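Student: Build the full structure now, drawing on both the sequences and the hints.
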Amino acid sequence: MSFMKITASGLAITVACAAAASAQSRDQVQVAGSSTVLPYATIVAESFGENFDFPTPVVQSGGSSAGLQQFCQGIGENTPDIANSSRLIRESEIATCAENGVTDIMHVQIGYDGIVFASDINGPEFAFTPADIYKGLAAQLVVDGELVANPNTTWNEVNPDLPEQPIIAFIPGTKHGTREVFEEKVLAAGCEESGAMEEITAMSDEDTAEAACVATRTDGRSVDIDGDYTETLARIQSDSNGIGVFGLSFYENNMNTLQVATMSGVVPSTETIASGEYPVSRPLQFYVKKAHIGVIPGLKEFVEFFVSDDMAGPNGPLAAYGLVSDPELAATQAAVEAEETM
Amino acid sequence: MTERTAGATPRRTSLMQLDARTKSRNAAEARFKAYGLGAITIALLALAMLMFSIFSTGSSAFRQTYATFEMMLPAETLDPKGNRDPAEMAKVTTIGYQNVLRGGLIEAVRSAGIVPDGVADSDITGILSPEAAADLRNRVLANPELVGTVVDIDALAHGRIDGYFKGRVTMQSAERDGNITPQRLQLAQAMTDNGLMAIRFNWGFVTKPDASDQRPEAAGLGVAILGSLYMMLVVLVLAVPIGVAASIYLEEFAPKNRWVDVIEVNISNLAAVPSIVFGILGLAIFINFAHLPQSAPIVGGLVLTLMTVPTIIISTRAALKAVPPSIRDAALGIGASRMQSVFHHVLPLAMPGILTGTILGLAQALGETAPLLLIGMVAFVRDYPDAPPAGLFDPASALPVQIYNWTQRADPAFVERASGAIIVLLAFLLVMNAIAIILRRRFERRW
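In order, the protein sequences belong to chains G and U. Counting in my numbering, the first sequence runs from 1 upward without gaps. Counting in my numbering, the second sequence runs from 343 upward without gaps.
Keep in mind the hints are simulated off the structure, nothing from the lab. From a predicted model like this one, the values you see are computed outputs, not experimental measurements. The reader is advised that the hints may include incorrect statements.
Coverage of chain G stretches by chain U, computed from C-beta distances (three or more under 8 Å per stretch; other residues unrestricted) [what the hints assert, rightly or not]:
#	region
1	54–67
2	243–252
Pairs of lysine-lysine residues, derived as DSBU-like cross-links and limited to a Cα-Cα distance of at most 30 Å, are as follows [as the list claims (entries may be wrong)]:
#	chain 1	residue 1	chain 2	residue 2
3	U	K550	G	K300
4	U	K433	U	K550
5	G	K300	U	K423
6	U	K433	U	K423
Stretch by stretch, here's where chain G covers chain U in the computed footprint (C-beta under 8 Å, at least three residues) [as the list claims (entries may be wrong)]:
#	region
7	426–437
8	630–644
9	717–731
10	740–754
C-beta: ideal position from N, C-alpha, C; glycine also.
Tutor: See below:
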């Protein structure tokens, strides 16, 4: 009956494991959320694990929305302590959180990230304005007082100053927090700048105009990328006419294959984004469950370390990787120190 | 009938000269053979292409550039109070060690007679990995007596320097690159010429944990391999007894009625369920309901168990069916109980088939990523999990997940590492499949 014995002992071990689990408590910080914040979070987690007596935090990735959803599932050791996000938390998410007992949430802004347009390094140079992007990628344009499907096929049809290159753009898909910024700071801004906003509002109403401004064309010239920037890069490498939307740090790591387009005449860099000259940027942040501070060892220390000058300051490793450091960092540090909630 | 045969002219056939119909039948056969050959050629070509692309990009991940030099560890900076107390010395952070390394590196470069052209003393450590300082710190804290002595430093070179020696980075691309300058590449070249830097086999790739985007050169598969191993352990301990017991009951003891038919059909259906569904189930049951921790191999193992059990049941039942009924009849005939006939005679004979099925099921589970996405295994984990059983609840990564993770990283150096990880995963699968084949060959019996 050795088979039976093996089976029985195997199952016994499993039961013992399960019993051990209920007794064990988590001793490392758990982070989930945005894939844009992920590299910064891993850099900080790595340094934190090296220099503190706490274990290295575990950083999951999966997008801002997925991270906040996990975050809002409740209080307890099997939920993340921190949710990284490349956009602000929505009212509906705060409501979900509150329903599940997650009420005291700390909002910690770590800095800014620029969104850049880049193309193959061997192709022509581009100098865009938000209006160019809008006219190139909008689903419908106003022509002679009527909304028609976007007729532009090359960039010089949009703006004679641009090179004669077919319009192909790889833009972030709707699951990315970056998409929201792209719509707001590029498409909507370009819509307004080109005067299309007013014209459409005059034709219908404001809500329709707002929706029409951010609707991208579906004829294959504007491609939603639901994967990461590496996928966008691969698409550009296979189609050298493509223009891709990237985070500044990704571009800075791949400068040997990509060239960046200027936006309204400004070259994106940490300096121009910090000064506000470069228009397309967004704050990066994470949210912390205050209820977990003091329960999960090292949580507060990790948050403090994240926003310390050594890490998030202008000379820290995060800035070296492409984060635009926040001029208000001192205020954030004070807020973290005082555990201020939203 | 006979009249008709007599009236018809007999067909003239010859073995030497084929008639039209035989020719067309032979041609059809030749065509079919050609199709078959074509299909195999396409499959082999695809395999060869896959292998070529993986090995050509991935094999370099097993070699890494190291800088080796000797330096004095200054006691005044590393242990200001002179107590050699690790708790006090821990106050010196990796930034402090970075400065110490810089001094040693400048010294070593000078004494080798290299004049670093265009590389200021302040950024000479740019040719080393940030991991080097962390490594040195861990080494000193583990052995405080090293402070004040001359030690051999064996530091990882920066990812771009490593890329230069592997041909990924060139002088031209370095000019446009914010992370490296051509002058630093020249310095690295000069150091190599003087024996201070060399490429060699990189054990760290299979033993070290993952590293952040800033140090691709230090990233390894240690935690992922452990995590995969733990999950396979859980699957083995749970799926084999459950699967084998279920199939023995269904095959040997269960009455033949409608309910058993329903169960059988559903087991086959379960085997065809997309694996992501098991991930969703795992998230709902094991994490949200049973409150097991996120990112833990135990949860991954349980989810993969759910996925593997149907496969094991199906293969075990096939193995049991293949045992001839005469064996059972003979056992029953000499007075054995049904249970004795199964456990003493049928099961041992079916064992090779069961083991093969189990190993193939495990191999499938080893390569699975989708169900792990939802239970938090797609994570950056740097600490090794403890020894089981407690370690089963510590966060860990898994091999396929690590590959997925690395393909998403911004730094181009991770491309090579992702392919390297695929090679490791393939090696694992190959070993498992080889074991399955050996078991089958050695123990299989034919009747």
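Student: Are the hints correct? Go through all of them and say.
Tutor: Checked hints:
Coverage of the region 54–67 of chain G by chain U holds. Counting CB-CB distances below 8 Å, 7 residues qualify, and the rule asks for three or more. Residue count for the region 243–252 of chain G with a Cβ under 8 Å from a Cβ of chain U: 3. That meets the three needed, and the coverage hint holds. As the CA atoms of K550(U) and K300(G) are separated by approximately 28 Å, the hinted pair is consistent with the 30 Å bound. Our distance criterion of 30 Å between C-alpha atoms is met by K433(U) and K550(U), whose separation comes to about 24 Å.
For a cut-off of 30 Å, the pair hint linking K300(G) to K423(U) stands: about 29 Å separates their Cα positions. As the CA atoms of K433(U) and K423(U) are separated by approximately 11 Å, the hinted pair is consistent with the 30 Å bound. Interface restraint, the region 426–437 of chain U with chain G: holds (4 residues with C-beta to C-beta distance below 8 Å; minimum three). With 7 residues carrying a beta carbon less than 8 Å from a beta carbon of chain G, the region 630–644 of chain U meets the three-residue requirement, and the given coverage holds.
Only when three residues or more bring their CB closer than 8 Å to a CB of chain G does the claim for the region 717–731 of chain U stand; here the count is 9, and the claim holds. Check result for the region 740–754 of chain U against chain G: holds, 7 residues qualifying (beta carbon to beta carbon below 8 Å, three or more required).
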